[in-house]
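Student: Residues per chain, in single letters:
Protein chains: 2
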Amino acid sequence: MKKVLVTGANGVIGSAVREHLADRYELSALDILPGDFPTHVADIADLAAIQPAFEGMDAVVHLAASISVETPWPDILKNNIIGTYNVYEAAKQAGVAAVVFASSNHAVGMFEVTNSPAIYATDHPLVIDQHADIRPDSYYGVSKAYGEAMGRYYVENHGLRVCCLRIGSVRPDDDPTSEAAGASSGWLPLTREQTLERLQATWLSQRDCAQLISRCLDAEHIPFGIYYGISDNQRQFWSLANAREELGYAPEDSAARR
Amino acid sequence: MKKVLVTGANGVIGSAVREHLADRYELSALDILPGDFPTHVADIADLAAIQPAFEGMDAVVHLAASISVETPWPDILKNNIIGTYNVYEAAKQAGVAAVVFASSNHAVGMFEVTNSPAIYATDHPLVIDQHADIRPDSYYGVSKAYGEAMGRYYVENHGLRVCCLRIGSVRPDDDPTSEAAGASSGWLPLTREQTLERLQATWLSQRDCAQLISRCLDAEHIPFGIYYGISDNQRQFWSLANAREELGYAPEDSAARR
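Residue numbers (my numbering), protein chains in the order written: chain A, 649 to 906; chain B, 649 to 906.
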């Protein structure tokens, strides 16, 4: 089994990885806080502190970050800009072959913002693929575009393999229809109904998220790729075409079929 | 006349701006070192220190950066990542309408690297435009891709106007055929002859560089754009099409005609 380090292992996606992939990979954990499993506790912004966790790994799933779209710049700089450089550099120095980078749809979020809420309708024609121009909606989105660029640099200049996942909406309760899902995050002024309609398009179930990460870990023929991460939802304004074709991603869930 | 702040005013391009545009704009200067003209001396990485220079400006030409392709990460982080955020943020806070950002072809440099030296031949078909995938060849290139992404964020979320210039080869001696031009920089292993052949394609004369910056300053109809900056060279593997069409850029020089 491949040895895989998960950064930010205590988070929602980290927990999904542990729940769904622990039988396929030898997982280890890095987080800024200890969890109820063995964890290398270190700040992602401290290169020397995180480096021991990379020794002997075959791959890294890099989830550690400030994850709110509304994160102010100082935290983005520390956790997402510096932290992501640290992960690629630690991987390179330790000879780790592959990094799966948790990017975000917010790297191209202005396509959604400028077409919201019409874009959520099942008959709306807009579909955004991995070649769309970079249009961040936030410092968070800028940091994810940066992380993709840095990843490609490490691929083409240092021989890493990097998959960037522009992840949609992964929910702690894994339910795209719950009351909690209706609470707008504030970065986009939507009514409760519009927020639920949005989630019908942007939802990524935890097991589909884990599958997508697993496909990236196994895709040794892919030096670099950018993929969107949503379930097999009826409305898909982020294209899954290259994830299906290049990775063999086959989502098992759909927001509408829950 | 528009009031225009030039950051990095002491550099090669800053000097070209002062030489060619001093009669068209009311220029002021910011640099980390004093020059032989009035200069707001401040470190671009210090937001509070640079902010006074932005007061009352109509536009900023942001040239201050670590400019070597081989700059190590700590300097890139400080000068190019933090420094460029500081410039956009200072512009926003001071109500400055426009920023011309000195980006670089190195944001997409791997298209050249992987096709070098064949790409320099006048009959080579590859032409890279502003929609090409981000493929940095260096931390420097990553920082320029980041600066473009950050610029677009400020345009679409804070109302700035930003032109990003992926500048080719601006020479201190303004001569694409001189002995000095033949000294390879080391980031790409070229012979002296190949380096000179490269410059025939990548050269941007100082007056064409100044014209391009001026076109950006005047292009009030353009909220955001990414443009390559080369002279009217015989071989052009970076497209000037959108600079000609959107900005009216009409280069007066050509490496071959010098």
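Simulated from the structure, these hints should not be mistaken for lab results.
These figures come from a predicted structure and were not determined experimentally.
Among these hints, one or two may not hold up.
Each pair may be met inside one copy or between any two copies, as identical chains are not told apart.
[Unchecked claim] Think about it this way: if two alpha-carbon atoms lie no more than 20 Å apart in a straight line, the pair counts; the simulated EDC-like pairs of lysine to aspartate or glutamate are:
| # | residue 1 | residue 2 |
| --- | --- | --- |
| 1 | Lys726 | Asp694 |
| 2 | Lys726 | Asp781 |
| 3 | Lys740 | Glu718 |
| 4 | Lys726 | Asp821 |
| 5 | Lys740 | Asp694 |
| 6 | Lys650 | Glu667 |
| 7 | Lys651 | Glu703 |
| 8 | Lys650 | Glu674 |
| 9 | Lys726 | Glu737 |
| 10 | Lys740 | Glu900 |
| 11 | Lys650 | Glu703 |
| 12 | Lys650 | Glu804 |
| 13 | Lys650 | Glu868 |
| 14 | Lys650 | Glu718 |
| 15 | Lys650 | Asp671 |
| 16 | Lys740 | Asp671 |
Student: Evaluate each hint against the coordinates.
Tutor: Verification of the supplied hints:
| no. | hint | result |
| --- | --- | --- |
| 1 | Lys726 / Asp694 | both (9 Å within a copy, 16 Å between copies) |
| 2 | Lys726 / Asp781 | neither (25 Å within a copy, 26 Å between copies) |
| 3 | Lys740 / Glu718 | between (31 Å within a copy, 18 Å between copies) |
| 4 | Lys726 / Asp821 | neither (29 Å within a copy, 40 Å between copies) |
| 5 | Lys740 / Asp694 | within (16 Å within a copy, 31 Å between copies) |
| 6 | Lys650 / Glu667 | within (17 Å within a copy, 60 Å between copies) |
| 7 | Lys651 / Glu703 | within (10 Å within a copy, 54 Å between copies) |
| 8 | Lys650 / Glu674 | within (6 Å within a copy, 62 Å between copies) |
| 9 | Lys726 / Glu737 | both (15 Å within a copy, 17 Å between copies) |
| 10 | Lys740 / Glu900 | neither (34 Å within a copy, 45 Å between copies) |
| 11 | Lys650 / Glu703 | within (13 Å within a copy, 56 Å between copies) |
| 12 | Lys650 / Glu804 | neither (23 Å within a copy, 43 Å between copies) |
| 13 | Lys650 / Glu868 | within (12 Å within a copy, 54 Å between copies) |
| 14 | Lys650 / Glu718 | neither (35 Å within a copy, 34 Å between copies) |
| 15 | Lys650 / Asp671 | within (11 Å within a copy, 65 Å between copies) |
| 16 | Lys740 / Asp671 | neither (26 Å within a copy, 51 Å between copies) |
Checked against the numbered hints given earlier, the structure breaks hints 2, 4, 10, 12, 14 and 16 and satisfies all the rest.
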